[in-house]
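From just these sequences and the hints, can you work out the full model?
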Amino acid sequence: MEIIGVIIAGIIIGLLGKFVAPGNRDNIPLWLTILCGIGGVIIGWYVYVAFGGNGSPGIDWVRWIVAIVVAAVLVVIASAVTGRSRTNRV
Numbered sequence: 531m532e533i534i535g536v537i538i539a540g541i542i543i544g545l546l547g548k549f550v551a552p553g554n555r556d557n558i559p560l561w562l563t564i565l566c567g568i569g570g571v572i573i574g575w576y577v578y579v580a581f582g583g584n585g586s587p588g589i590d591w592v593r594w595i596v597a598i599v600v601a602a603v604l605v606v607i608a609s610a611v612t613g614r615s616r617t618n619r620v
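Residue numbers 531 to 620, in my numbering, belong to the letters of the sequence shown in order.
The set of hints was computed from the structure by calculation and includes no laboratory data. Positions of the beta carbon are idealized from the N, C-alpha and C atoms, including for glycine. Accuracy of the hints is not assured; some may be wrong.
Unchecked claim - Restraint-style ranges between C-beta atoms, simulated for each label pair:
no., residue 1, residue 2, range
1, W561, G588, 18 to 24 Å
2, V611, F549, 16 to 22 Å
3, E532, A610, 19 to 25 Å
4, F549, G582, 16 to 22 Å
5, I595, I538, 17 to 23 Å
6, I542, G588, 16 to 22 Å
7, T612, S586, 32 to 38 Å
8, P587, T612, 36 to 42 Å
Listed below in structure tokens is the structure:
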């Protein structure tokens, strides 16, 4: 059940990360955005724990904010690596 939760959270976080990514840095396919979201959830959780996060009762908002930021960074990196451009070359 936990892996399904990570996948669902990864889809949501990936889309939020794509929304947060600056300007034209989000020109990657949807499947890669979802992978960035799943990676953002997993890596964000490790970063949160590494900096002393131990969870809180209820929804842990700091953990989710860290996951969104990590997913946005992964979207920007994936966009730079894939190199797709929206401009037409002559």
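Subject >> Those earlier numbered hints the structure runs against, lowest number first >> reply: 1, 3 and 4
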